[in-house]
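Numbering-wise (full-length UniProt numbering), the sequence shown opens with residue 1 and increments by one.
Be aware that one or more of the hints could be misleading.
What the hints assert, rightly or not - Pairs of lysine to any residue, SDA-like flavour, derived with a Cα cap of 25 Å:
no., residue 1, residue 2
1, 55, 86
2, 188, 61
3, 75, 125
4, 84, 29
5, 84, 147
6, 38, 122
7, 188, 207
8, 188, 31
9, 59, 36
10, 178, 155
11, 204, 166
12, 38, 98
13, 84, 61
14, 178, 148
15, 59, 84
16, 178, 196
17, 188, 212
18, 178, 210
19, 178, 147
20, 75, 143
21, 75, 94
22, 178, 125
23, 34, 171
24, 178, 166
25, 55, 123
Stated by the list, open to error - Distance windows between CB atoms, simulated:
no., residue 1, residue 2, range
26, 151, 188, 28 to 36 Å
27, 207, 103, 50 to 58 Å
28, 181, 94, 21 to 29 Å
29, 67, 120, 16 to 24 Å
30, 144, 206, 33 to 41 Å
These aren't lab readings, by the way, just hints derived from the structure by calculation.
Yeah, the Cβ is synthetic: ideal placement off N, Cα and C, and Gly gets one too.
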Amino acid sequence: MDHKAEDQLTKLLDIEVSKDTKRSRYLNAAAEVKLHNKPTDIWVSFLGRVYDVTKMVYKNRADPRIKPLLAYAGKDISHWFDPKTRDVQCPYLPHGQLLGTPPPFPSATWANDTGRPWWRDEALYFVGLLSARTRRIRLVNMLTRTETTLAVPEECTMWEILQRHLPHNSHAASYVWKYGDRLLDMDKTLEQNGIPDQYQEFYKLDMDEDSYLPAIFLHYSDDLTEV
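With the hints as constraints, model all of the structure from the sequences given.
As structure tokens, then:
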């Protein structure tokens, strides 16, 4: 196996491990976070970061202080926090007392030694960074003549986009990815690969940005997924 094939296989193995052990660095702001909006599956975002508070809410299910999180499941709660300190803007609690914050009045039942608040405990609750913008692209399989449309965070590298494409094509790493006749650098983003985001141009022309989606062509190379 040549060095190029070995490098591609290494990337593929990294992707297979990442599916079970870690999430992508970035998430779809309007899609992925919004899906986690049930009492048994709660994600929230604030100040550019995403947190999974499902287990915490379940553990404290009898505590009325989880109500704000239940009400805002799958939503952004940045307005609850001070951007400089990244702490809750006390006494600003428009939806009632939040788990981890002191009561608005003196209380003999309040324990102030509860440890690190959940919004600072990234080891337990941090999921990933929130994408600034989501882009829609077309992935055209030149072997099967099929096409898939994906919504991907603009910060994703091509390898991370490939990872998101695996549910549609489990052998996606066996393809060479091209934009036009140019080979794409899988370690770079769409923008870095010369695939510009034309949202502003479409906005100025009052056009639907979905009227033209950039097409990335997948050319079958070798099935390294079976190695």
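The hints, checked one at a time:
no.	hint	in the structure
1	55 / 86	22 Å, holds
2	188 / 61	43 Å, violated
3	75 / 125	15 Å, holds
4	84 / 29	22 Å, holds
5	84 / 147	44 Å, violated
6	38 / 122	21 Å, holds
7	188 / 207	28 Å, violated
8	188 / 31	23 Å, holds
9	59 / 36	18 Å, holds
10	178 / 155	19 Å, holds
11	204 / 166	35 Å, violated
12	38 / 98	18 Å, holds
13	84 / 61	30 Å, violated
14	178 / 148	15 Å, holds
15	59 / 84	30 Å, violated
16	178 / 196	15 Å, holds
17	188 / 212	22 Å, holds
18	178 / 210	21 Å, holds
19	178 / 147	14 Å, holds
20	75 / 143	40 Å, violated
21	75 / 94	16 Å, holds
22	178 / 125	37 Å, violated
23	34 / 171	29 Å, violated
24	178 / 166	17 Å, holds
25	55 / 123	13 Å, holds
26	151 / 188: 28 to 36 Å	19 Å, violated
27	207 / 103: 50 to 58 Å	53 Å, holds
28	181 / 94: 21 to 29 Å	55 Å, violated
29	67 / 120: 16 to 24 Å	21 Å, holds
30	144 / 206: 33 to 41 Å	36 Å, holds
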